[in-house]
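> So that you can map any letter, position 37 of the sequence shown is 340 in my numbering, and since no number is skipped, the others follow by simple counting.
The set of hints was computed from the structure by calculation and includes no laboratory data.
Be a bit skeptical, because a hint or two may be false.
For lysine to aspartate or glutamate, the following EDC-like pairs were computed, each having C-alpha atoms within a straight-line distance of at most 16 angstroms [claimed, not checked]: (1) Lys348 x Asp308; (2) Lys436 x Glu363; (3) Lys373 x Glu363; (4) Lys436 x Glu359.
Note that this is a predicted model, so its numbers are computed, not measured.
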Amino acid sequence: MVNLDIFIKRLEHLLDYYSMNAATFADRIGVQRSSLSHLLSGRNKPSLDFVLKIIEEFPEVNLYWLLIGKGSFPDEHVSKLENQTLPALSNTSGLDKEKSQIQGENFKNVEPTNFSISNTSKQQIEKIVFFYKNGSFKVYEQD
Numbered sequence: 304m305v306n307l308d309i310f311i312k313r314l315e316h317l318l319d320y321y322s323m324n325a326a327t328f329a330d331r332i333g334v335q336r337s338s339l340s341h342l343l344s345g346r347n348k349p350s351l352d353f354v355l356k357i358i359e360e361f362p363e364v365n366l367y368w369l370l371i372g373k374g375s376f377p378d379e380h381v382s383k384l385e386n387q388t389l390p391a392l393s394n395t396s397g398l399d400k401e402k403s404q405i406q407g408e409n410f411k412n413v414e415p416t417n418f419s420i421s422n423t424s425k426q427q428i429e430k431i432v433f434f435y436k437n438g439s440f441k442v443y444e445q446d
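Please model the complete structure; the sequences and the hints are all you need to start from.
Set out below in structure tokens:
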């Protein structure tokens, strides 16, 4: 269960970190300003929709840190990903609907796409995860 007082302190920390006032933050995550004001005053508890909007707009906010204080902010995993460069994507065709080969490795659950990943290093890809804006995700793993 979320401790409201501690959640409010973490939310205030987010406002300070991003140098935003409550109105700007509310506009940025797409909630009414009064909703955020009521939450910050302790009148209302955060809804799941409210929390998900924060996570969607600010991916470096760790969900567990925001809700229960576990983990870190900014999220170390997201910060590390932001500092890495992604391999260039190139166009490809003729992908099998059931399976495709990317860099000679078989992957299951891969649907046809219009790109391939060019990997020049000796590292092998274990799995690929796509995160969608609606909060869902899809994992592709090697066979």
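> Would the hint linking lysine 373 and glutamate 363 be met if the CA-CA limit is 16 angstroms?
holds, 14 angstroms
> Hinted pair, alpha-carbon criterion (16 angstroms max): lysine 436, glutamate 363. Please report holds or violated.
Between lysine 436 and glutamate 363 the Cα gap is close to 14 angstroms, so the pair holds against 16 angstroms.
> What's the verdict on lysine 348 and aspartate 308, does the C-alpha distance respect the 16 angstroms limit or exceed it?
Satisfied, since the Cα-Cα distance of roughly 10 angstroms is no more than 16 angstroms.
> Could you grab the alpha-carbon distance between lysine 436 and glutamate 359 and see if it respects the 16 angstroms cut-off?
Satisfied, since the Cα-Cα distance of roughly 7 angstroms is no more than 16 angstroms.
Violated hints for the displayed structure: none, as all numbered hints are satisfied.
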